[in-house]
Amino acid sequence: MESEKQLTGTLTLAVFSAVLGSLQYGYSLGVINAPQKVIEQHYGRSLGVLPEEPLLLSENGTGTEKQEVHPSVVMYWSLSVSIFSIGGMVSSFLVGFIGDLRGRVKGMLMVNVLAVIAGLLMVMAKMWKPHVMVIAGRFVMGFYCGE
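Numbering-wise (the numbering used here), the sequence shown opens with residue 30 and increments by one.
No lab work stands behind these hints: they were computed from the structure.
Take these hints with a grain of salt, some might be off.
Label-pair restraints from in silico Cβ distances [claimed, not checked]:
{"#": "1", "residue 1": "Gly125", "residue 2": "Leu76", "range": "39 to 45 Å"}
{"#": "2", "residue 1": "Ser114", "residue 2": "Thr37", "range": "23 to 29 Å"}
{"#": "3", "residue 1": "Leu36", "residue 2": "Glu97", "range": "55 to 61 Å"}
{"#": "4", "residue 1": "Val152", "residue 2": "Gly55", "range": "16 to 22 Å"}
The calculated DSS-like cross-link candidates involving lysine-lysine, where the alpha carbons are at most 27 Å apart (straight line), are [what the hints assert, rightly or not]:
{"#": "5", "residue 1": "Lys155", "residue 2": "Lys66"}
{"#": "6", "residue 1": "Lys135", "residue 2": "Lys34"}
{"#": "7", "residue 1": "Lys66", "residue 2": "Lys158"}
Just so it is clear, CB atoms sit at the ideal spot from N, CA and C, and this is done for glycine as well.
Build out the structure end to end from the sequences listed, making use of the hints.
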């Protein structure tokens with residue numbers, strides 16, 4: 030007698046989550062680089078080190094003139110980019126624990142909540158201190174991608 034193998038809804042959702050997780054990892058690595066000048070300008074305005082005038086971009090998406098960036102903006106920008114890898118490194122140590130605690134399938138489904146939390150943190154960056162929200166969102170996204 031052959032045991033009948035079935036495709037369950039939980040298995041389908043777990044495979045979809047795994048595929049979406051690898052897509053999310055690649056996207057999260059590169060998405061921060063394109064709007065660098067706009068984010069730096071927003072950081073500078075929120076920290077009070079840049080004037081309130083909007084950033085003018087040329088047709089190729091770069092600033093029209095070379096503008097000196099304040100050191101605190103550079104520091105927050107660098108932290109915003111690098112915190113993703115730090116979150117991934119921290120969470121890589123917890124993969125086995127979550128797998129043992131909930132099982133592989135339920136653990137992957139449970140960890141997807143982190144992606145939603147990270148997205149919400151970064152979307153709400155204009156409502157509060159943007160550098161704090163973006164850095165926290167990038168850390169949580171790195172934590173999610175490291176799982």
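Hint-by-hint comparison with the structure:
no.: 1; hint: Gly125 - Leu76: 39 to 45 Å; verdict: holds (40 Å)
no.: 2; hint: Ser114 - Thr37: 23 to 29 Å; verdict: violated (35 Å)
no.: 3; hint: Leu36 - Glu97: 55 to 61 Å; verdict: holds (59 Å)
no.: 4; hint: Val152 - Gly55: 16 to 22 Å; verdict: holds (20 Å)
no.: 5; hint: Lys155 - Lys66; verdict: holds (16 Å)
no.: 6; hint: Lys135 - Lys34; verdict: holds (20 Å)
no.: 7; hint: Lys66 - Lys158; verdict: holds (17 Å)
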